[in-house]
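Q: Sequence:
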Amino acid sequence: MFPDNENPAIEQPFSFKEVKNCLRRLKSGKSPGCDGIPNELLKNLRTNWILYIQAMFNHILEIGGTPVCWSEVILTMLHKKGDVNDPNNFRGIALVNCIAKVFTQLVNQRLVSWAADNNLIPEEQAGFLKGRGCQDNVLTLDTALQIYLRQKGASCFGLFVDFRRAFDFIPHHLLWPKLLSIGLSKKIVNILRCIYDKTTLRVRSNGDFSKPVEVTTGVFQGETLSPLLFILFISDIVSFFRDKGLTGLQLNGLRDLLMLLYADDLVILLRRQMDVLKALRAFEEYCSRNGLEVNAEKTKLVPFSKSGFRKKFPKSFIYKNSAVEVVNSYVYLGTTFTTTATGRRAALDAVKKSNAACSVSLGILIRLHADSWAGKQKIYGAIVRTSLLYLAGIWGLEHLETIEKAQVGFFKRLLQLPRCTPEYAIRLET
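Take 1 as the starting number for the sequence shown in the UniProt record's numbering and just add one per residue.
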């Protein structure tokens, strides 16, 4: 049994200022839930209506129950990539009533502070946390590899794990006990259970709706509180692996780096082949205990070595009954890491993306008959430069010439100049 936890800072009534600020920060243009009430209406409410909402939210905190309509979800399917006939290639976006999302946003703000104050989220986790982002994990991974591989003859492995629809597969009967076990109060857990235990969803397609279906697993994708619930659910993964005797890359003789997480994006850093086998067994046990599934087809193992990995190595490893392929490169959070741990491949991929963005930008400028040079520069900055310089601060210093050529190439096409035009001439004109 779990203790009757109390979290006064989380359970205290919402102030008028909290509710008002949350309403004012709502983003416009978002799809409403089944009640049809959009954010635009809520964020422009007058004071007396905000007081009504404050009273309702505080009543919910007091009784520990929520309106039934907050559990009625509309699901829209967005195609990611691949075969459109494969349901696994679609991401479901849950459309929840906007007023319900205001309430969960308020709860989320308090839970984030509570989790930080109690050190519940491991340092290795950077997903959906204030002041953290993809750049932190990419920089950490790149730096760790550079430090470790500078030792003569050093080599290591990166196991890049792809969860199968992680947010959709969290079992509710495991989520609530986990939240209680880390110290969250029963009152808050019961409110969350009230929302999820009554959840039904209808799939919307071409304006039509399916029949309601009961939901027993997963958290709502596209809802504010869901990422934090998932992060708290897997917050014990680092300690679980360490309890199994696994260690990562020694960087300074004091601490090792075993894994990096960005929500459900996970990379495990290992020194030896036997550690890879041990990690796969540990991961199988962890997923089994927590009701999670791994997509073995998209999970890859990259061997790292400055001179290129030349040792004899299996082409794949077995996870359960599926093969985890050994590859020479992997795109982690939008940046390509290769077996030699250099930034060249990332630079080439960035140039490739920027070239595609160039074509899009030039097409827009042609259709708009744009004559303004300032306008052309804004289009370039918004579309091309963002593609070219994504996380370039990590790999760009070694490949400035590559970046420069890509940038100059755009302006040559824009000004309809031959490729042989000297770059200094382009710089003088632009």
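What the hints contain is simulated information worked out from the structure, not anything from laboratory work.
Heads up, the beta-carbon is just placed ideally off N, CA and C, and yes, glycines get one too.
Take these hints with a grain of salt, some might be off.
Per label pair, the in silico range of CB-to-CB distance [what the hints assert, rightly or not]:
1) 210 / 386: 20 to 28 Å
2) 84 / 41: 32 to 40 Å
3) 348 / 46: 40 to 48 Å
4) 31 / 363: 47 to 55 Å
5) 368 / 253: 53 to 61 Å
6) 422 / 38: 24 to 32 Å
7) 139 / 386: 17 to 25 Å
8) 415 / 253: 27 to 35 Å
9) 182 / 369: 56 to 64 Å
10) 398 / 369: 26 to 34 Å
Dumping the calculated DSSO-like pairs for lysine-lysine here, alpha-carbon to alpha-carbon at most 27 Å [to be verified]:
11) 30 / 378
12) 130 / 198
13) 278 / 17
14) 152 / 298
15) 378 / 298
16) 20 / 152
17) 353 / 378
18) 30 / 17
19) 81 / 278
20) 306 / 80
21) 152 / 312
22) 298 / 27
23) 306 / 152
24) 187 / 198
25) 187 / 20
26) 20 / 130
27) 352 / 320
28) 378 / 306
Q: For each hint, tell me whether it holds in the structure or not.
A: Now the hints, each set against the structure:
1. Judged by the Cβ atoms, the range 20 to 28 Å given for residue 210 and residue 386 is violated: they are separated by roughly 38 Å.
2. Remark: the range hint 32 to 40 Å for residue 84 to residue 41 is upheld by a beta-carbon distance near 35 Å.
3. For the hinted restraint 40 to 48 Å between residue 348 and residue 46, the CB-CB distance of approximately 56 Å leaves it violated.
4. Residue 31 and residue 363 have their C-beta atoms about 29 Å apart, which leaves the hinted 47 to 55 Å range violated.
5. Between residue 368 and residue 253 the CB atoms are about 59 Å apart, so this pair conforms to the stated range of 53 to 61 Å.
6. The given range of 24 to 32 Å is broken by residue 422 and residue 38, whose C-beta atoms sit roughly 54 Å from each other.
7. One distance hint, 17 to 25 Å for the beta-carbon pair residue 139 and residue 386, holds here, with the actual separation near 18 Å.
8. Take residue 415 and residue 253: their Cβ atoms lie about 55 Å apart, and the range 27 to 35 Å is violated.
9. Roughly 59 Å separates the CB atoms of residue 182 and residue 369, a value that falls within the hinted 56 to 64 Å.
10. The supplied range of 26 to 34 Å is broken by residue 398 and residue 369, whose beta-carbon atoms lie about 40 Å from each other.
11. Taken as a hint, the residue 30 and residue 378 pair is honoured in the structure, with Cα atoms around 26 Å apart against an allowance of 27 Å.
12. With a CA separation close to 31 Å, the supplied pair residue 130 and residue 198 exceeds the 27 Å bound.
13. Restraint check for residue 278 and residue 17: not satisfied, since their Cα atoms lie roughly 51 Å apart, outside the 27 Å limit.
14. Between the alpha carbons of residue 152 and residue 298 the distance comes to roughly 32 Å, so the proposed pair goes past 27 Å and is violated.
15. Taking the CA atoms of residue 378 and residue 298, the gap is about 37 Å. The hint is violated against a cut of 27 Å.
16. Straight-line distance between C-alpha atoms of residue 20 and residue 152 comes to about 59 Å, which puts the hinted pair past the 27 Å bound.
17. Note on residue 353 and residue 378: the hinted pairing holds, with a Cα-Cα distance of about 18 Å set against a maximum of 27 Å.
18. Note on residue 30 and residue 17: the hinted pairing holds, with a Cα-Cα distance of about 23 Å set against a maximum of 27 Å.
19. Note on residue 81 and residue 278: the hinted pairing is violated, with a Cα-Cα distance of about 32 Å set against a maximum of 27 Å.
20. For the proposed pair residue 306 and residue 80, the alpha carbon gap of about 34 Å is over 27 Å, so the pair is violated.
21. Only pairs whose Cα atoms come within 27 Å are accepted, and residue 152 paired with residue 312 is accepted, the gap being roughly 19 Å.
22. Only pairs whose Cα atoms come within 27 Å are accepted, and residue 298 paired with residue 27 is rejected, the gap being roughly 34 Å.
23. With a C-alpha separation of about 9 Å, the suggested pair residue 306 and residue 152 falls inside the 27 Å cut-off, and the hint holds.
24. Between residue 187 and residue 198, the direct Cα distance comes to roughly 17 Å. Compliance with the 27 Å bound is thereby established for this hinted pair.
25. Straight-line distance between C-alpha atoms of residue 187 and residue 20 comes to about 24 Å, which keeps the hinted pair within the 27 Å bound.
26. A distance of roughly 21 Å separates the Cα atoms of residue 20 and residue 130; the hinted pair therefore holds under the 27 Å criterion.
27. Distance hint between residue 352 and residue 320 is unfulfilled; the C-alpha atoms sit about 37 Å from each other, more than 27 Å.
28. With a C-alpha separation of about 40 Å, the suggested pair residue 378 and residue 306 falls outside the 27 Å cut-off, and the hint is violated.
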